[in-house]
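Engineer: Using the hints provided, position chains P, B and E relative to the given structure of chain U.
4 protein chains.
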Amino acid sequence: MSVSVFEHPILSGLLGDEPIAAQFALSAEITAMLRFETALAVAEEEAGAIPKGAAAAIATACNTLKPDIAALRDATARDGVSVPELVRQLRAMLNPDLAAHVHFAATSQDVIDTALVLRLEIVLEEIRQPMDALVALLDTVDARFGNRELMAHTRMQRAVPIKVSDKLSSWREPLVEMRDALGRLQKTVLRLQFGGAAGTLDRLGDKKAIVSARLAKEVGLADRGCWHTNRTPFAELAGWLSQLTGVLGKIGQDIALMAQNEVGGTSSALAHKQNPVAAEILVTLARFNAAVVSGMHSALVHENERSGSAWTLEWMLLPQMVVAAGCALSTATRLVGSIEDLSAETNSGPNP
Amino acid sequence: MSVSVFEHPILSGLLGDEPIAAQFALSAEITAMLRFETALAVAEEEAGAIPKGAAAAIATACNTLKPDIAALRDATARDGVSVPELVRQLRAMLNPDLAAHVHFAATSQDVIDTALVLRLEIVLEEIRQPMDALVALLDTVDARFGNRELMAHTRMQRAVPIKVSDKLSSWREPLVEMRDALGRLQKTVLRLQFGGAAGTLDRLGDKKAIVSARLAKEVGLADRGCWHTNRTPFAELAGWLSQLTGVLGKIGQDIALMAQNEVGGTSSALAHKQNPVAAEILVTLARFNAAVVSGMHSALVHENERSGSAWTLEWMLLPQMVVAAGCALSTATRLVGSIEDLSAETNSGPNP
Amino acid sequence: MSVSVFEHPILSGLLGDEPIAAQFALSAEITAMLRFETALAVAEEEAGAIPKGAAAAIATACNTLKPDIAALRDATARDGVSVPELVRQLRAMLNPDLAAHVHFAATSQDVIDTALVLRLEIVLEEIRQPMDALVALLDTVDARFGNRELMAHTRMQRAVPIKVSDKLSSWREPLVEMRDALGRLQKTVLRLQFGGAAGTLDRLGDKKAIVSARLAKEVGLADRGCWHTNRTPFAELAGWLSQLTGVLGKIGQDIALMAQNEVGGTSSALAHKQNPVAAEILVTLARFNAAVVSGMHSALVHENERSGSAWTLEWMLLPQMVVAAGCALSTATRLVGSIEDLSAETNSGPNP
Amino acid sequence: MSVSVFEHPILSGLLGDEPIAAQFALSAEITAMLRFETALAVAEEEAGAIPKGAAAAIATACNTLKPDIAALRDATARDGVSVPELVRQLRAMLNPDLAAHVHFAATSQDVIDTALVLRLEIVLEEIRQPMDALVALLDTVDARFGNRELMAHTRMQRAVPIKVSDKLSSWREPLVEMRDALGRLQKTVLRLQFGGAAGTLDRLGDKKAIVSARLAKEVGLADRGCWHTNRTPFAELAGWLSQLTGVLGKIGQDIALMAQNEVGGTSSALAHKQNPVAAEILVTLARFNAAVVSGMHSALVHENERSGSAWTLEWMLLPQMVVAAGCALSTATRLVGSIEDLSAETNSGPNP
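Residue numbers (our numbering), protein chains in the order written: chain U, 39 to 390; chain P, 39 to 390; chain B, 39 to 390; chain E, 39 to 390.
Because the hints were derived from the structure by calculation, they are not lab data. Quick caveat, the model's predicted, so the values are computed rather than measured. Just so you know, not all the hints are guaranteed correct.
As the list claims (entries may be wrong) - If you anchor each label on the Cβ, the simulated ranges turn out as follows:
1. U:N185 - E:A247: 15 to 23 Å
2. U:S65 - P:G375: 31 to 39 Å
3. U:V173 - B:R166: 22 to 30 Å
4. U:I248 - P:D170: 52 to 60 Å
5. U:Q224 - B:E163: 52 to 60 Å
6. U:Q224 - E:K255: 46 to 54 Å
7. E:A181 - U:P57: 30 to 38 Å
8. U:V173 - B:D177: 50 to 58 Å
9. B:E163 - U:A108: 55 to 63 Å
For each residue, glycine too, the CB sits at the ideal point set by N, CA and C.
Isolated chain U (complex conformation) (with noise of 0.2 Å):
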């Protein structure tokens, strides 16, 4: 079904990125989850936590596991999260004794925020790249276009020449900046989030931290604590993805005024394939990532010891914003790759 654009059989082919979407579907969910349990065994049994033996029995069960799909849809439809179900099954598939050694200590927040985070650390590596390597194709098209003139344009209005450099430095250095800003953004959002029913682990008594440690260092990722309701992580990698497709969107805008006809642009036709299509979408994307933010702004007023409506909301919009923001990227790397001169334009139009 196609409620989504990024889902849309048809139109992901323009709005969607499949390496970024592969992320969120569910397999590499399930995925993301059961990685958690197993590392959360090891860390136990090494801790004492669980007894000797039960890390290995969960791994397998983790590892064969054949998830009840529609179970886990009814369950959740019931309790707002999959992760009880999904304990329950693979409860099932051990010995009685072992059983409840899974997820020992654990609560579905732990499971939920800290699978997410496993796949944004590998959507944040597949957003660099592009982001890397737009940066170059800039400092391409500058090499070799840079030193045309250019009519710079302000408040719509022809305004002086510049040099086609100086367009592109205006569309690079705020990628540069943000690309320099992703490792900080990466530190900030890559942690483990592991807190138990109500944040304090309780039931690790003296053994919390190193737990807590161990199973960070299992998943790979930051212990720096429980955050499950700090959710300015997310909120920061919102806006971080908004102001990227914001950039982005400038240079789509930008593209699309000079691609105008008059203005010297790309056909005098209207065939569809010299459309500025890449660029409206560049603004397009910008515009979704814009209105979704507040969204996840909102989902800050994260009430108690867990919300369940802040939550769920977060779910609703994080992953279309990681979407959103890779396909711009795409489509931006597309869109200047195809530039074959900017400069045409202070050769023509009514005002020479």
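Structural biologist: What follows is chains P, B and E alone, placed relative to chain U:
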């Protein structure tokens, strides 16, 4: 894949609405598009704009087309819209002398907008029915418990006792008002879009009016002139949908507050099935639509005779808003249906 | 001070609307609040809910009150609302035996909501008139230039020639539709709020209905029952206002594009007075309201019998949306009035 | 007038922040603009771009200017920006041979953006201090009550007992993270804007770099190149501000829930002074910024070398976001300072 919760194999059980989502499935979309093309041919043949016999041939092509989805996807990535390729596939099914009569004088936007409206027609009826049912259910609850006392709360503090009936009225009234507004909204939204390349249907010459009227009749929509750049109908629909989720979100928030254990709520244990998941989800859906409605209003700035960027933004947002509204309605109905007694709280708590 | 452009000594010349802003001045606000208190006393005296003579004394107090603004400010910081202190000041002007009859059975929200509605009544008429005038102006422009040719643009590319009249119609139609919807909107919004502490007017006993009806008549609003927690009227108003600025923003965007020098625009120089400032501002105001409307929808989740947080949010947003709409109307009228010829562009540009 | 609550004579006591609002007063704005012009003259004289003696004369004019506000207002309505008229007024104070050296090579945006940044520099320090104070206050509360028990709530239901200290940590941690991010944000935002007509400072020839560096030093900002179309610094600031109000909104929401009478809250009566007004306002301010941040992201699509529409949108939104954040900080500090005991709730309620 599951970028969107509305199509997520598990989360759609919590946040989706299958009957409404079905209207946004690709098959429903293509069916509606082909319905437009078929009806257009009928109208144009009757008006003498295309030859006798063309309509029947075109109808057959539409009825038997097996769309090449991969080609549609590739073409859409290039053209920004699927219609040119869909028309190409239709034309390839016809004799060369008839091929040109497919989609004659129409433009992609005519097909896409009208096909969306045709599905919204179904969807709005699908929303009306549960609205009626929910109002009736509130009346039933009122008949059972309305006379009991309930403590009113203002600014999150106990105020004065009211009746359960008063609380139910505060939920019912806005629903009734919105249902009463639905007929008007349907009039606003359910109109044929038919304007041709630039909204003027030039290629039909003096047959414009007759073809337009006949086409409208054939697809069962009002003929109120071309509205290709007037996106207020969709903004108004988006506003209505967000008002609906807002009104239901208020019910959810109220119930979540009443279900607090300290207020005499559902349970004293952490049993998942007794968590007020449905109540929380209503708040989530309200916040979701409240964020997204902003993008639909942003899309009103639809430049020139067709804005690729503003138009595409609608596709990203409106279907999600509709499904969110449908899900909120069914969730609210389920939740209100589970009310056993709203009055407990006046008998409990530290300040009786 | 100038946190808000609408009250900035300089920027309000560009972005403000004095007549509408005047309705949100403190003096207008207090006048409307006192009008409620006076009318309430009249209604309650007639119904026998307060003693004969009380209404005249209360009216005198309302007419002669010199509000202590500093005290109102301090009290509001504590109470969240100015009414308790305003009532205290009124009561202090009256004999002790009459004092208690001021504001009898009413609550702060009754005063604040009704006083806002009373000013919105004026404001909506102030918006209707320039809407009519703008439609008439568009007709005048059409009569002068409508027959000239203009190049249509789709997806930012030249499409086919249309008439100036077609362009003007695309601006005119949504305005006409919105103006036609204004009467309905007025019916939705212009209603008395009167519910007392928790919406049930308990203190009036069996005089509820008669006092409410008389009060409504006295202030000239409809008596449609208490709507203290039903914020859909304001969400609908916000949506209408944002649709209006969106429709005007489309006009602005179109003109900014047509005014590009290369398209045969206003000037070839950078002279500021020829910049399409008014056209740009229309886009700005559309984007402003499109963002802010989201907050008005968020405020629909109005928990319990009065939500301090959701209610206060309306105060932060709605007045700004109204002024933005008023400014957009006057700006659009000025801009359309300055059109000398929309047709030049078909005669210029590199692809004639 | 009072379109904006931030400048409302009464409501600003509840929702305003005087010291921060003072930075957005017209006088502060003009002072900052003149500081730019004075510093520019110093830098340009030193570089030989304007004659010796010009800087002193320009400084005198800037120091003694009595701006004609009415003329600035009228000109801004026409030009969209106040700088040309301000420069005209300055030039009128100087000998004709010196007049042309005022504002030499600069453009309006250089003045407006830099003058805003200069005031944001002050504002961000004014925000840092109460952040530090609030963190310290939370530590104090923790020292006093941290060991007491408190009932955790997940999904609006009682979960397990935690310590007051755990709750305070959940409030403190995001604040500490945001405060730690403030230094980085200051680096991002506090930079000179200096680009001339189209961002290239052409009129300064080979003196560009030296004038820019000297000007930056004179106004105490970083010289990181022209960023006239790169609005990510302001979007990032807006995001940080909205994250801050979101984090404080979570504190407000928690306290409003804990202050419920049934949970062992503040009072059993409806006495206004005991209503959790401050807690509710924190939620309001969070929702406000969460809506408005969307507009700041929308403004990232800043077309060409200067977008009148996108730039002006920032003026409408950013000052309000800053004041909202300042108000939220002082409100949260007042609220947390009034906490007497968070632990009562574990001893009350129907399900002990």
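Engineer: Evaluate each hint against the coordinates.
Structural biologist: Against the structure, the hints:
1. U:N185 - E:A247: 15 to 23 Å: For E:A247 against U:N185, whose Cβ atoms are near 19 Å apart, the range 15 to 23 Å holds.
2. U:S65 - P:G375: 31 to 39 Å: holds, 35 Å
3. U:V173 - B:R166: 22 to 30 Å: Since the Cβ atoms of U:V173 and B:R166 sit about 53 Å apart, the hinted range of 22 to 30 Å is violated.
4. U:I248 - P:D170: 52 to 60 Å: holds, 59 Å
5. U:Q224 - B:E163: 52 to 60 Å: holds, 56 Å
6. U:Q224 - E:K255: 46 to 54 Å: violated, 34 Å
7. E:A181 - U:P57: 30 to 38 Å: At 50 Å between Cβs, range violated.
8. U:V173 - B:D177: 50 to 58 Å: For U:V173 and B:D177 the Cβ distance comes to about 52 Å; the hint holds.
9. B:E163 - U:A108: 55 to 63 Å: holds, 58 Å
Comparing the model with each numbered hint stated earlier shows that hints 3, 6 and 7 do not hold.
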